[in-house]
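Engineer: Sequence:
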Amino acid sequence: MNDLFTLTYTYLNIYIFKALDVPNSLYHHSPTSSCIQTMLKLQGIYFILFYTMLNLNSTPTNMTTQPPQDRKIFFLFPLALISLFLLGTLRFLLDNLKNNQIQILRQNKFLRVPINVSENEIIEENCNVFEGKWVWDNVTYPLYKEETCPYLVKQVTCQRNGRPDSFYQNWRWQPHGCNLPRFNPLKMLEMLRDKRIMFIGDSIQRGMFESMVCLVHSVIADVDHPIERVPPRKIFRIEEFNASIEYYWAPFMVESISDHATNHTVMKRLVKLDSVEKHRKLWEGVDVLVFESYVWWMHKPFINATYGSTENVQEYNVTTAYKLALETWGRWIESNINPQRQKVFFATMSPTHLWNWEWKGGIDGNCFNETQPIEGPYWGTGSNLEIMAILKDVIEKLEVDVRLLNITQLSEYRKDGHTSVFGERRGKLLTKEERSEPKTYADCIHWCLPGVPDTWNQLLYAILLQDYRNH
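Heads up, the sequence shown is in the working numbering, so the first residue is 300 and it goes up one at a time.
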């Protein structure tokens, strides 16, 4: 019986320390060491109780022999009780471990946990992570839960808004010939330590911003981290890492009459193609810039704009105007970005799925009620190839390195990922009557979260991780 005790006690030690897999460098810091000391004290109490129980069970208290059934109950009851104590303690320790580690980082602001890039996180040089397919994965996806992230706006919380299925959350992007590193929030935050990352663009880019906040939120201490609203910015600060994740509303990149973060004109659009003056002051000095601008350009084939004198308003072809705006943006990049300490990305167009005859011949509808990705080659008419070519051409000519985050093709397959009738219209959730008319009211532009934008951030994370490894 004593052998059984020794085996059980040893096993519990191994199991608990394995579960409390804390980096060695953190053992000597007060929160974690206190946690482990508490565990050891409790284990000492359990040791005494267990040993006493065994002695009581093995030593007869009188000359009367107990029936076998009574002896079994006498043995099992305290064993079950002690097991419950052990499980409760283990649960308590595990629940508090995350906060303990964050407290360590908060109390030791200069403590850096080294980022170990494992073999399965290395992307081969000849692998294009933007080419691949979506595979079903309801075991490790989604990367976070809608209900556990308080930073999502109503426009993207499709489950809360009544969407009956959650299949759109369980698709994982699998590149051809290599693997995409799984998003690791602690590694991402360590790469952002003492830095700022800013997502710049329209409401599509706001979704990417919210996705990134939710992805890292799971490892941040359970304290209030409100998003600061300083129009046209939103700022999420992570004090533990002296870092911030930011969003900047600039639907055209260059200046326009739609630059107010909430009170912006939608139908009447006027763009100042030769100026980023208002924007640049808040872009300067940001460590990681992620730009995006497309949907707002595509409202009509022509757009009112100025180039030079603000009095000279002309009607420009959208592709011509887009190129002029992009060149203005490019000049700012070349004259203001320090490539030694700053990184710049440009996310390609986020596709729309407005007409389902493009993937279902002969059917008049849109993304409503779609629950599966498109299989096989597909490119929708909502993604303008001329705009894509202009973007690539301008970026290739820049003297500063700007990397394309080529999200378009992989997102083209995801007709199932849009908010459809489970989002907002003009700041209000759709009514029951409006939901019954999906041809009119379905939103096939914005994306549910968790969902497709999480993969965009996973791709961004993978690129940053390779940069970290190479430098």
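Treat the hints as calculated values from the structure; they're not laboratory data.
Beta carbons are placed, not taken as given, at the ideal position from N, Cα and C, and that holds for glycine.
Take these hints with a grain of salt, some might be off.
Straight-line C-alpha distance at most 20 Å; calculated PhoX-like pairs for lysine-lysine [as the list claims (entries may be wrong)]: (1) Lys-453 with Lys-642; (2) Lys-642 with Lys-696; (3) Lys-567 with Lys-580; (4) Lys-727 with Lys-659.
Ranges of calculated distance between the beta carbons of each label pair, as one might list FRET restraints [said to hold, decoys possible]: (5) Val-565 with His-770: 14 to 20 Å; (6) Arg-579 with Val-416: 50 to 56 Å; (7) Thr-730 with Val-416: 47 to 53 Å; (8) Arg-630 with Glu-418: 38 to 44 Å; (9) Val-416 with Glu-583: 40 to 46 Å; (10) Tyr-677 with His-770: 42 to 48 Å; (11) Ile-414 with Lys-738: 36 to 42 Å; (12) Trp-656 with His-563: 20 to 26 Å; (13) Pro-463 with Lys-691: 25 to 31 Å; (14) Asn-611 with Asp-523: 48 to 54 Å; (15) Glu-610 with Glu-633: 46 to 52 Å; (16) Arg-630 with Glu-736: 34 to 40 Å.
Engineer: All the hints need checking, so say for each whether the structure fits it.
Structural biologist: Hints versus structure:
no., hint, verdict
1, Lys-453 with Lys-642, "31 Å, violated"
2, Lys-642 with Lys-696, "17 Å, holds"
3, Lys-567 with Lys-580, "26 Å, violated"
4, Lys-727 with Lys-659, "31 Å, violated"
5, Val-565 with His-770: 14 to 20 Å, "43 Å, violated"
6, Arg-579 with Val-416: 50 to 56 Å, "34 Å, violated"
7, Thr-730 with Val-416: 47 to 53 Å, "50 Å, holds"
8, Arg-630 with Glu-418: 38 to 44 Å, "42 Å, holds"
9, Val-416 with Glu-583: 40 to 46 Å, "31 Å, violated"
10, Tyr-677 with His-770: 42 to 48 Å, "37 Å, violated"
11, Ile-414 with Lys-738: 36 to 42 Å, "49 Å, violated"
12, Trp-656 with His-563: 20 to 26 Å, "32 Å, violated"
13, Pro-463 with Lys-691: 25 to 31 Å, "40 Å, violated"
14, Asn-611 with Asp-523: 48 to 54 Å, "50 Å, holds"
15, Glu-610 with Glu-633: 46 to 52 Å, "29 Å, violated"
16, Arg-630 with Glu-736: 34 to 40 Å, "46 Å, violated"
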